[in-house]
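Number of protein chains: 2
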Amino acid sequence: MDNSEFQLVKMALNLRRKRQWIKLCSVFLVAVVLCSLKYAGVLIFRRSRYIAREGSDVSIRSPTLRFSSENGGTGRYLVREAGHVWPKPRQQVSTADVFVLRRGTFNFTYAPGSQHCEILDLAFERYTEIIFSIGEAATSRRCDADTTCPRELNVLVVSIKEPCEGASPHLDSKENYELTVSREGVKLKADSVWGALRGLETFSQLIYRGEHDLYTVNRTDIQDFPRFPHRGVLLDTSRHFVPVKYILQNLDAMAFNKFNVFHWHIVDDPSFPYESVTFPELSKKGAFHPDTHVYTQKDVRTILEYARLRGIRVMPEFDTPGHTLSWRHGQPGLLTTCYTKSGKHRGAFNPVHEDTYQFMGKLLKELKDVFPDQLVHLGGDEVNFNCWNNHTDIAKFMEKQGFHYYAKLQSYYIQRMIQIVESLGKESAVWEDVICSGSNNDPSFHCQPEGSVPKNTVIQVWKRGNWAGKMAQVTQRGLRTILSACWYLDLISLGEDWPPYYRCDPHAFSGTKAQKDLVLGGEACLWGEFVDWTNLLSRLWPRASVIAERLWSSEDTTDMDDASVRLGEHRCRMVRRGIPAQPLHPSACPFVPV
Amino acid sequence: MDNSEFQLVKMALNLRRKRQWIKLCSVFLVAVVLCSLKYAGVLIFRRSRYIAREGSDVSIRSPTLRFSSENGGTGRYLVREAGHVWPKPRQQVSTADVFVLRRGTFNFTYAPGSQHCEILDLAFERYTEIIFSIGEAATSRRCDADTTCPRELNVLVVSIKEPCEGASPHLDSKENYELTVSREGVKLKADSVWGALRGLETFSQLIYRGEHDLYTVNRTDIQDFPRFPHRGVLLDTSRHFVPVKYILQNLDAMAFNKFNVFHWHIVDDPSFPYESVTFPELSKKGAFHPDTHVYTQKDVRTILEYARLRGIRVMPEFDTPGHTLSWRHGQPGLLTTCYTKSGKHRGAFNPVHEDTYQFMGKLLKELKDVFPDQLVHLGGDEVNFNCWNNHTDIAKFMEKQGFHYYAKLQSYYIQRMIQIVESLGKESAVWEDVICSGSNNDPSFHCQPEGSVPKNTVIQVWKRGNWAGKMAQVTQRGLRTILSACWYLDLISLGEDWPPYYRCDPHAFSGTKAQKDLVLGGEACLWGEFVDWTNLLSRLWPRASVIAERLWSSEDTTDMDDASVRLGEHRCRMVRRGIPAQPLHPSACPFVPV
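Residue numbers (UniProt numbering), protein chains in the order written: chain R, 1 to 594; chain U, 1 to 594.
Chain R extracted, bound-state conformation (with noise of 0.2 Å):
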């Protein structure tokens, strides 16, 4: 039913400008009967714009587009589409022997004693959708029965090992996958379901429209797995308030560059969009506006299963004691009072006072049971020490401490965070402002002793002064780090500027294996002091995607004529997948929207 659904606001939607008059009286007339069905409770329809089933799943609807008739054009900076994969699997044969698919009669399926879930139910469907909604040029056209005529392949046949039913990926997700395109057919395996989600996205980049417009597929054979486990983008969702369905298109987008970490910076200084259980006055009276511009519960979960469903761990941000402006709204005290001298405030959280302390075990608490990943992010950046000064209650503490710096009273304010959520049986990451002194740029700095952090800490290393050093002495203190110091896509300016963050290598510091292997990726950073819903899927991509190349694909996928060519070829067809991905340099893909 909800096919029919889609189908009509297609069509709806395509109207105009195909003038198919009698498929249109034939699709309201068709409208009226599923109304009247509607009215028996038959049909589901959402909210949003997307188009949703029941379940939480919500598949974007690709933008309506005229494609380029295959030997009209010029071909002058024309994107060609070839199939090329990104980010490129670890190991790929493909020959010169063609294959085609036709919509309505390809299929996915499960292998005999494979594991089945709803997981791969629902990416069938996704895929389906994504592989032959690629223009209305590249129809479903039969193949002319001639000798030269391309064999069609039928079925993708997918067989995975462990259960899958309910799972969540996890840091040690196993997404290493085997893809075979031949004349027996499309035979994909994957230990877990997450290495087949990530198989179906290369099956469905491997297809392209060849010759005669058809979808066309090369004989082809990959195995494939990710260099590092821990692959993230980080959005800022209290610079700016991003709604919903923008959050739920960059999980696609992630998913289309196997991205598998959104990292969420929820809330800071300037609003509290996190609607807590708990304490919901934080939103209440720090978020932009109490109704709208607040992610509820209901919405946290529907970005939670949209996530899970496309193999992307959810990992919240909750920073303190720093940045924690919107807070002091609707949780009075937790802040020392600290202006700036035209009467700003920029405190910090007072970290002497127990209070703080029962407040932030109380949400931790409701975060352990809201988000279901192992890792939770604490923050504890920039935290400003001048807001520490000039209170009697600090300064006392700190004597009865023995503290002789406001680091050691920072480190002991965090040292009790990760207690409390080690104590919840979750693991913490921090910035490495918790470990690391020295600000930005400043290529002198100096990391604490091991021990400074229980050893399940992960440490996020932001800063570009130096940043392979510090790479460098956090894993030399056997603590796993994530990378984001040259990968702050905030930052633009004029022209094509991916090959810096495409150079940039997590493993590029001096280290032993075992130091190496405490690196566990990193993340596409873009803070939203100039990124709201307007600009964020168009300044994020595919500037994110040269980042995701660099985490899955080997260590030598360095060629950057290559790299360029095949990120031509991607940012259209995140383009023709409805993701916004501005242009690279003066060209064209292959169609426009009408």
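Since the hints were derived computationally from the structure, they do not count as laboratory data. Hints may be right or wrong, so weigh each one.
[As the list claims (entries may be wrong)] Calculated cross-link-like contacts (lysine to any residue; reagent style SDA-like; alpha-carbon spacing at most 20 Å):
1) R/K463 x U/G495
2) R/K285 x U/R80
3) U/K344 x R/S587
Take the given structure of chain R and dock chain U to it, following the hints.
The following block gives chain U in isolation, referenced to the frame of chain R:
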């Protein structure tokens, strides 16, 4: 009938959110009826996603938004709607007295004795839609009948003096208007229809969601007129093809900012998307794709008419003799043979072939008929003189003419182009290169003496190096000028970058009043290397808005704090109207898209 269609599609799109099942089914039933009517040829559907009416006017569809309730918010960082007008009117007196408007009862009409025309009829419809589409929350609720209930205004009466039926805007258009909002109603007086359009825009901006979510307007008197007659936005449709609907949407945004010139840099090196009647091969072989990536004559007419109805001139630019690589495919022999070391063509027109002039004569004749504006932009920038080297025919010609420098040859070429344009009864605009030498950011330069180009030529100053000095020299030679040097909006960087654009004043050079009077205005330029439909609108707006104010408002409108507040409101207003204008700094509009 078209209006019924509009409602129909709007509902089809909203239905998922609103769950208005009853309405939905009725609509579909109506649809079946409409379909039948269609078969009888009664209804006109258009291919654009915009809802079109017969004739060429097309209104944009506002996004579906959820508004923050009036008093529920914390108000922190939430942009306040206050009915500030952007660009700031010359004279405005507003009081605290407020009136309210209601959809359905508020109308636009002509004063007795006023001229009538379709331009205004359509503007009345458009502004009804704009004013009363500021979100669901702002319903057309009746004010409760109590003593403090604001008086309701029912009509805006327009009076214009000049006949306007079939009129087109031109450089001397009168855009002055007077607007009065008082107990006696709303009165708008203007000399011409163009002033009336500006006044309607102003009126629409005065209205905000006031107490009880009512459409509210303060008692106001405005006398307004522009500082400069030429206030333009340049779009480049060669480096990336920009589909018609995005050009139209940008024309809307321009009208919201009282811009009145669309400088259409339509062709350049990468592609030739203009479908010429006389030389169809130019786009057939020079466009990214001859079917999908072209502007047909019909497309051009759509754009011209959409612009005309908003009082926006369209100044086409066909840049020669450089920037013409894409021309060579459809018109062989135009360019000199000139290659880079790596074999890339980089030629310019060969200015010594008589064929070149005959070809350009025919093309310019066509353009004269297609584009009604008095100004034709001939380009003339960045000619690569190396491409005139080592050509025997060029060397011979120069010897014969007694030219010692290539600049002389360039001058010869452009002079002849200007003569052709003059012979067609039009005037030419050219880039500064035509009369001034000196590379970008080079403070040393030299402009040719008076008489180098005819007095009616307009010089567009674009190089940042000492633009003020160039403006002085150009106007000293009695030539009119347009400033763009400080307004290249394709240049981007992190942060709130509008203040320098706002500070830049086209009169900020040493010169007499007569010289200053030769400054026609300026243009925001958005070159297309890294811009296409995915990011054009968000990158251009609201950054171009500050240039709009500089060109419209009085010279002393320089208060940055005041501008910042009004610009924030104006940005949200544009977003509300469907323009994805990017955010200025951490904050929130009082609504979210759903």
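Here is what the structure says about each hint:
no., hint, in the structure
1, R/K463 x U/G495, "holds (19 Å)"
2, R/K285 x U/R80, "holds (17 Å)"
3, U/K344 x R/S587, "holds (16 Å)"
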